[in-house]
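Colleague: If you're matching them up, the sequences are chains S and E in order. Letter 82 of the first sequence, counting from 1, is numbered 82 in the numbering used here, and no numbers are missing. Letter 2 of the second sequence, counting from 1, is numbered 2 in the numbering used here, and no numbers are missing.
Fair warning: there could be bad hints in the mix.
The list cannot tell twin chains apart, which means a pair is met if one copy fits it or any two copies do.
The calculated DSS-like cross-link candidates involving lysine-lysine, where the alpha carbons are at most 30 Å apart (straight line), are [as the list claims (entries may be wrong)]:
#1 K116 with K136
#2 K116 with K62
#3 K29 with K135
#4 K75 with K116
#5 K115 with K62
#6 K103 with K62
#7 K137 with K103
#8 K136 with K103
#9 K103 with K135
#10 K29 with K103
Think of the hints as simulated: they come from the structure by calculation, not from any bench.
2 protein chains.
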Amino acid sequence: MKLSTRGQYGTRALLELALRYEEGPVLLKDIARSQQIPLRYLEHLITPLVAGGILHSVRGAKGGVSLARSPEEVKLSEVIQLLEGSITPVECVNNPGVCNRSKLCVPRDIWGELKKAIDNVLESTTLQDLVERQKKKEQTAESMYYI
Amino acid sequence: MKLSTRGQYGTRALLELALRYEEGPVLLKDIARSQQIPLRYLEHLITPLVAGGILHSVRGAKGGVSLARSPEEVKLSEVIQLLEGSITPVECVNNPGVCNRSKLCVPRDIWGELKKAIDNVLESTTLQDLVERQKKKEQTAESMYYI
DNA sequence: TCATTGTTGACTAATCTAATAGACAAAGTA
DNA sequence: TACTTTGTCTATTAGATTAGTCAACAATGA
Chain S
1 MKLSTRGQYG TRALLELALR YEEGPVLLKD IARSQQIPLR YLEHLITPLV
51 AGGILHSVRG AKGGVSLARS PEEVKLSEVI QLLEGSITPV ECVNNPGVCN
101 RSKLCVPRDI WGELKKAIDN VLESTTLQDL VERQKKKEQT AESMYYI
Chain E
1 MKLSTRGQYG TRALLELALR YEEGPVLLKD IARSQQIPLR YLEHLITPLV
51 AGGILHSVRG AKGGVSLARS PEEVKLSEVI QLLEGSITPV ECVNNPGVCN
101 RSKLCVPRDI WGELKKAIDN VLESTTLQDL VERQKKKEQT AESMYYI
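Given only the sequences and the hints, what does the whole structure look like? Please build it.
Modeller: This is the structure in structure tokens:
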């Protein structure tokens, strides 16, 4: 039940862009540096996000990438879907035809509930939620620093 | 976010054994056949379950495997843990030291919630729950047949 | 025109997955 | 005791996936 680095890096990159929303295009290089993602790898994560309509990109000098929608309109479920494919724990949950036991398979029902539980978290979290958490964390860290 | 065949096969095998609880040792061959698991592969799944105290095994003629505890005492979380390792979606959730951003990382918090959601399902499901669901399904299927 | 920046496709080392095969160990039975 | 049955352990393997890296290309602004 692992999330690959694609999902992890992608989420971090999008959080960075959400924090800088309305700043205009951000350089991949900047995202890579501040989020500690290998630039050459990040390039490959950007592509599906642009294709999926989450990012807008501008080539050439003064170019970069930016969110194509406001942070509250981007759900994590969509991000993970684009970067990792379906989050179903087991193929038969989405596609009963792949296994002849599907109809009466009790384990399959459980994997379905697992999927629902995961979906629930990812569907109810937007980039805006991440931004707010981030700000709250920074505030707390700051006040801790003063003490 | 995939479950490997280890977790899937293992769960099916244990459900089979839960259904036959108190029947005495069941042949791996029988489990393999009725749950459609390659026998030579199933052997490898049995080992950690025996080591983990979920199964009891008897070698030689009239041998086989059986549950070491009653089905209501075996949680799915334990099964998956033994067969797949920790269910954490991302290593840093269990082990903050692996990444220097852990302390202020908001995505990490989300992966922690994801883990909790998954845990919640697996911790609250026992083999006995699977058995009951199975029986209910069979009843329903039977009554459908009569109509 | 040139420097900058994203885009695309090819390539790769390392690891993981899902098995398969063979020898071995223990337990019951004739 | 010898033999058969059945689980256990160790290797080996083909194929897929992961996590990158590299080089050539395409668009844009100065």
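Colleague: All hints are to be evaluated individually against the structure, with a verdict given for each.
Modeller: We went through each hint and held it up to the structure:
When the C-alpha separation of K116 and K136 is checked against a cutoff of 30 Å, the pair qualifies both within a copy, at 29 Å, and between copies, at 22 Å. In this assembly of identical chains, K116 and K62 lie within 30 Å of each other by CA distance neither inside one copy nor across copies; the values are 42 Å within and 42 Å between. Taking the shortest alpha-carbon separations for K29 and K135, only the intra-copy value of 23 Å comes in at or below 30 Å, while the best inter-copy value is 58 Å. Proximity of K75 to K116 under the C-alpha cut-off of 30 Å is found in both arrangements, the shortest distances being 15 Å within a copy and 19 Å between copies.
For the identical chains of this complex, K115 and K62 are neighbours neither inside a copy (42 Å) nor across copies (40 Å), given an alpha-carbon limit of 30 Å. In the homo-oligomer, the alpha carbons of K103 and K62 never lie at most 30 Å apart, since the shortest distance is 56 Å inside one protomer and 33 Å across protomers. Taking the shortest alpha-carbon separations for K137 and K103, only the inter-copy value of 9 Å comes in at or below 30 Å, while the best intra-copy value is 47 Å. Taking the shortest Cα distances, K136 and K103 sit within 30 Å of each other only across copies (13 Å), while inside one copy they are farther apart (47 Å).
With identical chains, the CA atoms of K103 and K135 are at most 30 Å apart between copies only, with a shortest distance of 14 Å across copies and 47 Å within one. In this assembly of identical chains, the alpha carbons of K29 and K103 lie at most 30 Å apart only when taken from different copies (24 Å versus 50 Å within one copy).
Checked against the numbered hints above, the structure breaks hints 2, 5, 6 and satisfies the rest.
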